[in-house]
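Put together the whole structure using the sequences plus the hints.
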Amino acid sequence: MGHDEIKQQMIWAGKVLVAEGQDDFTRGHISFRLPDNPSRFFMKPHSLGLDEITLENILTIDLDGNVVAGTARRHSEVYIHSEIFKQRPDVHCVIHTHPPYCVALSATGRPMRCYSQPSALFYEALGVYTDTINLIRTPEMGAGVAKALGPHRAVLLKNHGVAVVGASIAEAVVSAIMLENAAMVQMITEAAGDPALEFMRADIEKLKADIGRPEQFVVNFDYLLRRVQRREAVPQER
Numbered sequence: 379m380g381h382d383e384i385k386q387q388m389i390w391a392g393k394v395l396v397a398e399g400q401d402d403f404t405r406g407h408i409s410f411r412l413p414d415n416p417s418r419f420f421m422k423p424h425s426l427g428l429d430e431i432t433l434e435n436i437l438t439i440d441l442d443g444n445v446v447a448g449t450a451r452r453h454s455e456v457y458i459h460s461e462i463f464k465q466r467p468d469v470h471c472v473i474h475t476h477p478p479y480c481v482a483l484s485a486t487g488r489p490m491r492c493y494s495q496p497s498a499l500f501y502e503a504l505g506v507y508t509d510t511i512n513l514i515r516t517p518e519m520g521a522g523v524a525k526a527l528g529p530h531r532a533v534l535l536k537n538h539g540v541a542v543v544g545a546s547i548a549e550a551v552v553s554a555i556m557l558e559n560a561a562m563v564q565m566i567t568e569a570a571g572d573p574a575l576e577f578m579r580a581d582i583e584k585l586k587a588d589i590g591r592p593e594q595f596v597v598n599f600d601y602l603l604r605r606v607q608r609r610e611a612v613p614q615e616r
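Be aware that the sequence shown starts at 379, since it is given in the numbering used here, and climbs by one per residue.
Be aware that a few hints might be false.
[What the hints assert, rightly or not] Below, a list of computed lysine-lysine pairs in the BS3-like style, where the Cα atoms sit at most 27 Å apart: (1) Lys385 / Lys464; (2) Lys586 / Lys536; (3) Lys464 / Lys536; (4) Lys525 / Lys586; (5) Lys525 / Lys464.
[Unchecked claim] Estimated spans, in silico, between C-beta atoms of each pair: (6) Pro573 / Ala611: 37 to 45 Å; (7) Gly590 / His476: 22 to 30 Å; (8) Gln386 / Thr449: 17 to 25 Å; (9) Ser417 / Gln386: 19 to 27 Å; (10) Glu518 / Glu593: 32 to 40 Å; (11) Asp382 / Ala485: 35 to 43 Å; (12) Lys525 / Ile589: 21 to 29 Å; (13) Glu576 / Glu383: 39 to 47 Å; (14) Asn415 / Arg451: 18 to 26 Å; (15) Val597 / Thr516: 33 to 41 Å; (16) Phe577 / Arg418: 38 to 46 Å; (17) Ile589 / Val506: 16 to 24 Å.
Note that these hints are calculated values from the structure, not bench results. This one's a predicted model, so the numbers in the text were calculated from it and none came from an experiment. Here a beta-carbon is modelled for each residue, glycine too, at the ideal position from N, C-alpha and C.
Structure follows, in structure tokens:
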């Protein structure tokens, strides 16, 4: 993908995330590693919502967290992104949001259980960062998040939010939405009390492989994108 194509996909990704309830005022962010320069990444700017990303306000940032192109304000939590990119060369997209069920699950200290199909994607494969509830504003703190993420596709930041990664924007966006759905079902199930036994590990692992194929993320992201585009095409009442 060319740079403008990547930025356009980031713009739509932000709109999809907001439509799916992943927004928290202006606090969420998304980034994407430049395919032709892996030591640089595009990132949403500070002070704007995920649905306010434009071609003009996206920043270009290096792996030390310095802005190398763009005039907008940089997020102070840039180090979530830069440190993950440093430690995970397989990752091309990073999303940080504050989805309420994920925050609630992180606050319980309980592991992700496989109580739904989306949860299979994270079953025994979900990092937890417990160093602080505060903003991740230093390289050292960002490195701690990256370490807690490990080889997984997501990490819960206890009482704070999530960082979700992917090889593509589609993978990261859909994974973030699936993680929140899994957390929601788990919180409802555990609130109801006395959950039944989970399915056998082999069955869960088979489902994880089936729903974790790259084309699955593309199909579902494209659907969410079409849904947002249809809403934007409808004239707004005055």
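Hints, one by one, checked against the model:
{"no.": "1", "hint": "Lys385 / Lys464", "verdict": "21 Å, holds"}
{"no.": "2", "hint": "Lys586 / Lys536", "verdict": "24 Å, holds"}
{"no.": "3", "hint": "Lys464 / Lys536", "verdict": "22 Å, holds"}
{"no.": "4", "hint": "Lys525 / Lys586", "verdict": "23 Å, holds"}
{"no.": "5", "hint": "Lys525 / Lys464", "verdict": "11 Å, holds"}
{"no.": "6", "hint": "Pro573 / Ala611: 37 to 45 Å", "verdict": "42 Å, holds"}
{"no.": "7", "hint": "Gly590 / His476: 22 to 30 Å", "verdict": "24 Å, holds"}
{"no.": "8", "hint": "Gln386 / Thr449: 17 to 25 Å", "verdict": "20 Å, holds"}
{"no.": "9", "hint": "Ser417 / Gln386: 19 to 27 Å", "verdict": "23 Å, holds"}
{"no.": "10", "hint": "Glu518 / Glu593: 32 to 40 Å", "verdict": "38 Å, holds"}
{"no.": "11", "hint": "Asp382 / Ala485: 35 to 43 Å", "verdict": "40 Å, holds"}
{"no.": "12", "hint": "Lys525 / Ile589: 21 to 29 Å", "verdict": "27 Å, holds"}
{"no.": "13", "hint": "Glu576 / Glu383: 39 to 47 Å", "verdict": "41 Å, holds"}
{"no.": "14", "hint": "Asn415 / Arg451: 18 to 26 Å", "verdict": "23 Å, holds"}
{"no.": "15", "hint": "Val597 / Thr516: 33 to 41 Å", "verdict": "39 Å, holds"}
{"no.": "16", "hint": "Phe577 / Arg418: 38 to 46 Å", "verdict": "43 Å, holds"}
{"no.": "17", "hint": "Ile589 / Val506: 16 to 24 Å", "verdict": "22 Å, holds"}
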